[in-house]
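Peer 1: Model the full structure from these sequences, guided by the hints.
Chains as they are written, first to last, in the working numbering: chain A, 1 to 291; chain B, 1 to 291; chain C, 1 to 291; chain D, 1 to 291.
Read the hints as simulated data drawn from the structure, not as lab findings. Worth double-checking, as some hints may not be accurate.
Since the list can't tell identical chains apart, any single copy or any two copies may satisfy a pair.
List of simulated lysine-lysine pairs, PhoX-like, C-alpha gap at most 20 Å [unchecked claim]:
#1 K227 x K204
#2 K24 x K227
#3 K286 x K249
#4 K204 x K261
#5 K269 x K256
#6 K228 x K274
#7 K286 x K261
#8 K159 x K227
#9 K274 x K249
#10 K24 x K274
#11 K227 x K21
#12 K283 x K249
There are 4 protein chains.
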Amino acid sequence: MSKPQNDRAEGTPEAVQLLEKEFKCLNHGFVRLVDYMGNDGSIVQAARVSYGKGTKTVKEDRTLIRYLMRHQHTTPFEMVEFKFHVKLPIFVARQWIRHRTANVNEYSGRYSIMPDEFYLPENDVIKPQSLTNRQGRSDDEVPAEIRKRVIDILNDGQKYSFDGYNEMLENNISRELARINLPLSLYTQWYWKIDLHNLFHFLKLRIDKHAQYEIRVFALAMAEIVKKVVPLAWEAFEDYILNSITLTKTDLEVLKRYIPKEVSEEELKVFDSKYELNEFLEKLSKINGKD
Amino acid sequence: MSKPQNDRAEGTPEAVQLLEKEFKCLNHGFVRLVDYMGNDGSIVQAARVSYGKGTKTVKEDRTLIRYLMRHQHTTPFEMVEFKFHVKLPIFVARQWIRHRTANVNEYSGRYSIMPDEFYLPENDVIKPQSLTNRQGRSDDEVPAEIRKRVIDILNDGQKYSFDGYNEMLENNISRELARINLPLSLYTQWYWKIDLHNLFHFLKLRIDKHAQYEIRVFALAMAEIVKKVVPLAWEAFEDYILNSITLTKTDLEVLKRYIPKEVSEEELKVFDSKYELNEFLEKLSKINGKD
Amino acid sequence: MSKPQNDRAEGTPEAVQLLEKEFKCLNHGFVRLVDYMGNDGSIVQAARVSYGKGTKTVKEDRTLIRYLMRHQHTTPFEMVEFKFHVKLPIFVARQWIRHRTANVNEYSGRYSIMPDEFYLPENDVIKPQSLTNRQGRSDDEVPAEIRKRVIDILNDGQKYSFDGYNEMLENNISRELARINLPLSLYTQWYWKIDLHNLFHFLKLRIDKHAQYEIRVFALAMAEIVKKVVPLAWEAFEDYILNSITLTKTDLEVLKRYIPKEVSEEELKVFDSKYELNEFLEKLSKINGKD
Amino acid sequence: MSKPQNDRAEGTPEAVQLLEKEFKCLNHGFVRLVDYMGNDGSIVQAARVSYGKGTKTVKEDRTLIRYLMRHQHTTPFEMVEFKFHVKLPIFVARQWIRHRTANVNEYSGRYSIMPDEFYLPENDVIKPQSLTNRQGRSDDEVPAEIRKRVIDILNDGQKYSFDGYNEMLENNISRELARINLPLSLYTQWYWKIDLHNLFHFLKLRIDKHAQYEIRVFALAMAEIVKKVVPLAWEAFEDYILNSITLTKTDLEVLKRYIPKEVSEEELKVFDSKYELNEFLEKLSKINGKD
Numbered sequence: 001m002s003k004p005q006n007d008r009a010e011g012t013p014e015a016v017q018l019l020e021k022e023f024k025c026l027n028h029g030f031v032r033l034v035d036y037m038g039n040d041g042s043i044v045q046a047a048r049v050s051y052g053k054g055t056k057t058v059k060e061d062r063t064l065i066r067y068l069m070r071h072q073h074t075t076p077f078e079m080v081e082f083k084f085h086v087k088l089p090i091f092v093a094r095q096w097i098r099h100r101t102a103n104v105n106e107y108s109g110r111y112s113i114m115p116d117e118f119y120l121p122e123n124d125v126i127k128p129q130s131l132t133n134r135q136g137r138s139d140d141e142v143p144a145e146i147r148k149r150v151i152d153i154l155n156d157g158q159k160y161s162f163d164g165y166n167e168m169l170e171n172n173i174s175r176e177l178a179r180i181n182l183p184l185s186l187y188t189q190w191y192w193k194i195d196l197h198n199l200f201h202f203l204k205l206r207i208d209k210h211a212q213y214e215i216r217v218f219a220l221a222m223a224e225i226v227k228k229v230v231p232l233a234w235e236a237f238e239d240y241i242l243n244s245i246t247l248t249k250t251d252l253e254v255l256k257r258y259i260p261k262e263v264s265e266e267e268l269k270v271f272d273s274k275y276e277l278n279e280f281l282e283k284l285s286k287i288n289g290k291d
Numbered sequence: 001m002s003k004p005q006n007d008r009a010e011g012t013p014e015a016v017q018l019l020e021k022e023f024k025c026l027n028h029g030f031v032r033l034v035d036y037m038g039n040d041g042s043i044v045q046a047a048r049v050s051y052g053k054g055t056k057t058v059k060e061d062r063t064l065i066r067y068l069m070r071h072q073h074t075t076p077f078e079m080v081e082f083k084f085h086v087k088l089p090i091f092v093a094r095q096w097i098r099h100r101t102a103n104v105n106e107y108s109g110r111y112s113i114m115p116d117e118f119y120l121p122e123n124d125v126i127k128p129q130s131l132t133n134r135q136g137r138s139d140d141e142v143p144a145e146i147r148k149r150v151i152d153i154l155n156d157g158q159k160y161s162f163d164g165y166n167e168m169l170e171n172n173i174s175r176e177l178a179r180i181n182l183p184l185s186l187y188t189q190w191y192w193k194i195d196l197h198n199l200f201h202f203l204k205l206r207i208d209k210h211a212q213y214e215i216r217v218f219a220l221a222m223a224e225i226v227k228k229v230v231p232l233a234w235e236a237f238e239d240y241i242l243n244s245i246t247l248t249k250t251d252l253e254v255l256k257r258y259i260p261k262e263v264s265e266e267e268l269k270v271f272d273s274k275y276e277l278n279e280f281l282e283k284l285s286k287i288n289g290k291d
Numbered sequence: 001m002s003k004p005q006n007d008r009a010e011g012t013p014e015a016v017q018l019l020e021k022e023f024k025c026l027n028h029g030f031v032r033l034v035d036y037m038g039n040d041g042s043i044v045q046a047a048r049v050s051y052g053k054g055t056k057t058v059k060e061d062r063t064l065i066r067y068l069m070r071h072q073h074t075t076p077f078e079m080v081e082f083k084f085h086v087k088l089p090i091f092v093a094r095q096w097i098r099h100r101t102a103n104v105n106e107y108s109g110r111y112s113i114m115p116d117e118f119y120l121p122e123n124d125v126i127k128p129q130s131l132t133n134r135q136g137r138s139d140d141e142v143p144a145e146i147r148k149r150v151i152d153i154l155n156d157g158q159k160y161s162f163d164g165y166n167e168m169l170e171n172n173i174s175r176e177l178a179r180i181n182l183p184l185s186l187y188t189q190w191y192w193k194i195d196l197h198n199l200f201h202f203l204k205l206r207i208d209k210h211a212q213y214e215i216r217v218f219a220l221a222m223a224e225i226v227k228k229v230v231p232l233a234w235e236a237f238e239d240y241i242l243n244s245i246t247l248t249k250t251d252l253e254v255l256k257r258y259i260p261k262e263v264s265e266e267e268l269k270v271f272d273s274k275y276e277l278n279e280f281l282e283k284l285s286k287i288n289g290k291d
Numbered sequence: 001m002s003k004p005q006n007d008r009a010e011g012t013p014e015a016v017q018l019l020e021k022e023f024k025c026l027n028h029g030f031v032r033l034v035d036y037m038g039n040d041g042s043i044v045q046a047a048r049v050s051y052g053k054g055t056k057t058v059k060e061d062r063t064l065i066r067y068l069m070r071h072q073h074t075t076p077f078e079m080v081e082f083k084f085h086v087k088l089p090i091f092v093a094r095q096w097i098r099h100r101t102a103n104v105n106e107y108s109g110r111y112s113i114m115p116d117e118f119y120l121p122e123n124d125v126i127k128p129q130s131l132t133n134r135q136g137r138s139d140d141e142v143p144a145e146i147r148k149r150v151i152d153i154l155n156d157g158q159k160y161s162f163d164g165y166n167e168m169l170e171n172n173i174s175r176e177l178a179r180i181n182l183p184l185s186l187y188t189q190w191y192w193k194i195d196l197h198n199l200f201h202f203l204k205l206r207i208d209k210h211a212q213y214e215i216r217v218f219a220l221a222m223a224e225i226v227k228k229v230v231p232l233a234w235e236a237f238e239d240y241i242l243n244s245i246t247l248t249k250t251d252l253e254v255l256k257r258y259i260p261k262e263v264s265e266e267e268l269k270v271f272d273s274k275y276e277l278n279e280f281l282e283k284l285s286k287i288n289g290k291d
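Peer 2: Right under this line is the structure:
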């Protein structure tokens, strides 16, 4: 029984094929698109209710979506909803859950027995502490024997804690207590539902190279999905958010002598929307202190 | 292009037929279901991820949904999403928007010219101020000539303000300023998206007889829609929320001498779930001070 | 430098003395009130802005607060804010963080080295799996030798994982990776800020006897604090929420033949507010089907 | 009774003097700081819990606050809370309430009689519709006689509707109905509570020159207050948010040939933090495609 096609947004054929497909992440994890509501058309539809009869000319959807993204008119993007099934290590889940504007149902270690599945890093992501970034990994190499030792420590620790867990369960200790020594590398899973605006915010922070590698893997898998469901919104997100650069007041103090007051008509042809062109010219004015 | 049917929740045939249908509300308003994601099955699906392998027996969906509702396990209900298109007077919109956990795109009087449509109450809802309820209407009658006068005042005022609006627009005054004398009885419209848990909360407050009549009309129209999309969840909501009664500590002080310590097996047959039966017995114990 | 006393709410002297005091929880944890804004007076102040000039008689604060609580007029309670510093095991933190309407800053294992502090249960809270409640502990005893074995398993596992952590740190493995085998029983800490309405909701769920023992300990400690800061709101919360009982439609089917249609004037004297009295009478009517 | 001074944040003397002061806005409105919790010190305090023992050197507060602002580490800013009393026209309130992460108690026209106070624009803010910005005013002049006519229309309309309101009240029509023809220019008032992070977001959008003049007036008044309560955070907000410029991928295509790959040591002296300096150099690399 499928729903009618009037102004419902059914997604591109590519998007529909994504449903239920497991995108493998790390050694045992995955992201799976369970359901979604809306597509690029729903963003436009919601934005246009604001313009009502006042909109005499039909703006092209892409131009409108790009305008909304540039101007942080975020509410139309909230009209698209995604629901994912995710299997992920607990330490990743602990970073993920900090994004509060989302809905979650997680596997419960109070109700159920946790399966024996743990995250073990691939050899090439075992890295030393960064010296410049207190919270990250360096790009330097770790000697092979130390990498091996890390894997052994992790493996042994996981086995040791799971044996203890099993022994407590065999002695009929309550699950909610028996689980407390299980490590953060244990896999859990959840259903996670979020609107597109908040998902973009999540992706911006978690695709970033300062994010921990293990959560980036999941963010990148979701990005592949989002790209297919809302290709125009994704393109705008890349052009105006992911690949934009924000110059602070101090940055501008240094750069303003390099940035011209005007540029040639030829150079401006790169803008395919007069709105974006005007915004660029406004920025030039502002940088050059005419604002 | 319809989406595949695996674990996607497509709603009952009755629900699908609701899409795009305008439910008339008041003289010019409506509620229209634009899209939805999920159904009773999605609530169960999300709840069961919590139970994981631990759930050996397949609980019946209805029993599970009713259990979740009674125990305020609200997150599985958040997994169903509704999107409505609503046309409503501004004074109703002002009450409605107080429900913050929702997404909104409203027609904008800054961008667009407001249409000439105003709320006028039906004769029989023109009521005097309640004496017992500072914020409501009495059930008493208003004399016919006064009712007529009310209609005239409202009609004249609406015409007067719209003429002023038009004159300012004709003089090319900016729309964002010209609109400021339009009355709260003017119609606006919006797209409104909300999850089922928060929608139930909205409906509980706005179906209540203390809610203003004009917002109740919209809440009741949405209730008709919700009932069709998630019939099991709606039934549980009626039985355990809408038709429940909460007795305070003081109420119980009065009633405890009337409430028996035990009731007969015969009387307990009304409970079709052993969970609900046990919860009832726990309440009896608690009322009788054994807890 | 203290703030002036006009309509600012400074709290009772008892409340002020709570600031900075560590309330010990479990073996290494604590709750500490870092700051708060508002008191019972702020709830009343915010509620009265709704009544404006219309409120001719000065209602007593207590009566108003109790009225707001009974009627779920929750927004005035949102006007009081609490900020706690909490040290807690990670498995408790994982339950706690599910309350989304709050602000959190947590100690970071990516930035900093985790201290060697783990939760070990007291002997008398080591309990078997409940047979009736899939997610809880039974009240039954666990044989002494098994309890001892549980403590040994936990202790050994904690030591084992911390030794592995240390060895990885000594080998200069990045902190964000070295920490992944630390167990859920490890202590973390955070600043947690929340408004009173949402705090009441948290306390209602986490003081409940179905909540896991280890989070109840923290909820009960916070309850002691809240009680001192907003004594009137707390009293209303106890009388109308914690100690209330909700009877479902089915419960009422059983009990209605026991609940009288009327009770004597004498019995009604227990109500010290005419509003609450009227609400009680309305409930009697509703139960007896006159509504 | 004042609270102790340990790690509570009491604000600067300038901030304390702001309490209860009415900042006049428009003809009858105001913003008044009713209470606040925290100051610059609370932001630092919350951020440092993340660094725990790992932070060996004491970073200067200002540097830390500026770092947090640049990197959108927003949670420490959520630890400061403001409560305002605001009197504002309803059409402004309707824009304002779209900011959902805040707490509100508004004067109720259902409970209380609305006072006879309306917004009338000053002569010099009566402007024609903008031709370039569909939702705004042009900077052009409106002829004096038309401005006068606008004032007359607004005045007359306000008087007309208030007379109607009064007549209905005199006939004992319920307040919730009598009010529906009152115009959007009527003043209402509310208590509004919000954390600093969300307040900055509000201010960014509402101080912007594209915001409607009438809400900008309120935003600017609140900015004066915020500046005094959290001077360091405000400075960072100005430097890194308000006065920053975001260059999109397309903007950078045009400008990259002007932006140098390196700048002189001399020019870099403008950065007083090595972190900010490094971030600037990273941006140069990224613009020049080395990233």
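Peer 1: If a hint holds in the structure, say so; if it doesn't, say that too.
Peer 2: Consistency of the hints with the structure:
1. K227 x K204: Result: close within a single copy only, 14 Å intra versus 29 Å inter.
2. K24 x K227: This pair counts as within: shortest intra-copy Cα distance 17 Å, inter-copy 38 Å.
3. K286 x K249: Both. Shortest intra-copy (11 Å) and inter-copy (18 Å) distances satisfy the 20 Å Cα cut-off.
4. K204 x K261: Neither way: K204 and K261 sit 31 Å apart in one copy and 26 Å across, limit 20 Å.
5. K269 x K256: For K269 and K256, only the inter-copy Cα distance (15 Å) is at most 20 Å; the intra-copy one is 23 Å.
6. K228 x K274: Neither: 27 Å inside a copy, 41 Å across copies.
7. K286 x K261: Classified as within: same-chain Cα gap 10 Å, cross-chain 23 Å, threshold 20 Å.
8. K159 x K227: neither (39 Å within a copy, 46 Å between copies)
9. K274 x K249: The answer is between: 16 Å across copies meets 20 Å, while 27 Å in one copy does not.
10. K24 x K274: Neither: 42 Å inside a chain and 40 Å across chains, both beyond 20 Å.
11. K227 x K21: Within one copy only: 15 Å inside, 31 Å across.
12. K283 x K249: both (13 Å within a copy, 14 Å between copies)
Of the numbered hints given earlier, the model fails hints 4, 6, 8 and 10; all others are met.
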